Amino acid sequence: MAARPSSWSILTDPLIRQNPVTLQILGLCSALAVTTSVATALTMSAALTAVLVLSAALISMIRNHIPGSIRLIVQIVIVASLVIVIDQLLQAYLFDISQRLSVFVSLITTNCLVLGRTESFSRHNPPGRAMLDALGNGLGYSLALLVIGSIRELFGTGAWLGWQVLPTVDQGGWFTPLSLMLLAPSGFFLLGGLVWALRSVLPEQAEDPELLPPDRPEDIA
Amino acid sequence: MKQGLWDRETVALLLLAALLPMLLAWLWDGGLMAAGRLGFALVVSGFWHLAFMLIRAQPPSVAGVLTALAVAMLAPEDLSLLQLILGISFGSVIAELVFGGWGRNVLNPATVTLAFLGFGFPAAPWPDLALPVGWAAIPALGLGVLFGVMALRLVLGAVLALALCLWAGVPLAPLLPVAGIVLALLVSDPVASASTKLGGWLNGALYGLLLALFAAHWQGAAPVQMAVSAALLASLAAPLLDEIALALWILRRRMHHG
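Chains as they are written, first to last, in the numbering used here: chain A, 1 to 221; chain Z, 1 to 258.
If you're looking for bench data, these hints aren't it; they were derived computationally from the structure.
Please read all numbers here as calculations on a predicted model, not as lab measurements.
Glycine residues also receive a C-beta, built at the ideal position from the N, C-alpha and C atoms.
Be careful, since some hints might not be right.
Here are the in silico distance ranges between beta carbons for each label pair [as the list claims (entries may be wrong)]: (1) Z:Gln219 with A:Leu72: 17 to 27 Å; (2) Z:Ala168 with A:Gln88: 55 to 65 Å; (3) A:Asp170 with Z:Leu81: 18 to 28 Å.
Listing some non-contacts, in silico: residues in chain A with all C-beta distances to chain Z over 10 Å [unchecked claim]: (4) Ser6; (5) Thr12; (6) Ala33; (7) Ile66; (8) Ile70; (9) Leu72; (10) Ile86; (11) Ala159; (12) Leu183; (13) Pro185; (14) Gly192; (15) Trp196; (16) Val201; (17) Glu204.
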């Protein structure tokens, strides 16, 4: 077994270097759905991070008592209970945003990011480290959501977190909102662009090509 | 010369030559404004081809001119330069250049640009193309088929489907000039259309049927908007149509040869 990574690297690795969204491509369903505005993206990030950290703590505490054959069921039960609690809290205190997030908070239960972390990390590590790892992954997810959400809200409505940054034509300004940004396809484009940009800056994240071109292109002609 | 005459650039140049009648008719009608639009689209498209040549060593292609031509003719009017730059950059880069250049793309970059502009700025009015441009689409398609760079089956499939729908009473008549123009500019693109024989028929027919569907049921849409949407959906379906043609062929062979 390799040397145990330090707590600091457990926390900071998932931010950029091992980002769950842009490198491991996990949790995309919600990441694409809730990023039409920064407010929903932030709420969703907070909800997911809370669920992730708490479930990591609980599962890590009982990791030596979970029978291997039913571990997924146990994990899902724990995650689902936490999700219900968080969902009720959101409905109680942030009703508007919870309406806009609609079903996606409940779907945290099936978010592959949550199950991925509990399955691959919390099951093998003590609670402290598991929670750190969960927090790092939650923050990495939040970072990706924040970037995509900011771009979509800024160019889709000219606002950022509700503040009008670019005056739109309707309000007598000069900025024509790009309505495409509020539609689902732009989430895919932006995420693809983000992954591309990250892998251009950090080439070690790029996957190996599946096919190599021949040395002389005319050979295949 | 190991590759022979028929490389990618020959096809692009022949396509360009085939489209010349339409281009000339459009320039004749649009005058200086049209020429300015075309020049601007050429510059943006050329810039991205150049950028990808310098950064990723991808050979630039004359196909960039085709993209610029289609975008200049069909893009919504009243867009600011910035919006046009954004649209053409998006189409050229995301639909063509990131795949490795013309010939490896899935969709026609001009189709993607137009869809992007249409969805992104729904308030901008779509252009009205003059009737002579619509007539010029016929020699353009004819030349393309004659040169062997457009598929006769695809064109015939579209014509048949349109004729059938017209005969059945769908109010298609005002759409026909635009239907021809978009057929020549976007749908017949040899890269983005179906490449099997049966697939070509189906691809053309699908375009015609979608256009008829839009003409009958899409209230308040401009002719160019309907035609571009039909072209986008038809070229999205092209790989599926090819797949169907291949599956049928394999099935037939299995029946014949056990």
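At 10 Å, judged by beta carbons, does alanine 33 (chain A) keep clear of chain Z as stated? Correct as stated: the minimum Cβ-Cβ distance to chain Z is 18 Å, above 10 Å.
Does the no-contact call for proline 185 (chain A) survive, Cβ to all of chain Z over 10 Å? Nearest chain Z Cβ is 8 Å from proline 185 (chain A), so the label is violated.
Is it the case that glutamate 204 (chain A) keeps its Cβ farther than 10 Å from each residue Cβ in chain Z? Since the minimum Cβ distance to chain Z is about 19 Å, glutamate 204 (chain A) lies beyond 10 Å and the statement holds.
Does threonine 12 (chain A) clear chain Z by more than 10 Å, comparing its Cβ with all Cβ atoms of that chain? Since the minimum Cβ distance to chain Z is about 31 Å, threonine 12 (chain A) lies beyond 10 Å and the statement holds.
Tell me if the beta carbons of aspartate 170 (chain A) and leucine 81 (chain Z) are separated by a distance inside 18 to 28 Å. Holds, at about 21 Å.
Would you say the C-beta atoms of glutamine 219 (chain Z) and leucine 72 (chain A) sit inside 17 to 27 Å of each other? At roughly 50 Å between Cβ atoms, leucine 72 (chain A) and glutamine 219 (chain Z) fall outside 17 to 27 Å, so the hint is violated.
Was leucine 183 (chain A) rightly flagged as not at the interface, with every chain Z Cβ beyond 10 Å? Leucine 183 (chain A) not clear of chain Z: closest Cβ-Cβ about 6 Å, inside 10 Å.
Is the claim that tryptophan 196 (chain A) lies outside the interface with chain Z correct, judged by CB distances over 10 Å? Given a closest Cβ separation of 8 Å, the condition is violated.
Just want to verify: glycine 192 (chain A) was marked as not at the interface with chain Z; is every Cβ pair farther apart than 10 Å? violated (8 Å)
Consistency of the no-contact label for alanine 159 (chain A), given chain Z and a CB cut of 10 Å: holds (17 Å)
In terms of Cβ atoms, is chain Z entirely out of 10 Å range of leucine 72 (chain A)? holds (36 Å)
If I take the minimum Cβ distance from isoleucine 66 (chain A) to any residue of chain Z, is it greater than 10 Å? Answer for isoleucine 66 (chain A): holds, closest chain Z Cβ roughly 45 Å.
Checked against the numbered hints above, the structure breaks hints 1, 12, 13, 14 and 15 and satisfies the rest.
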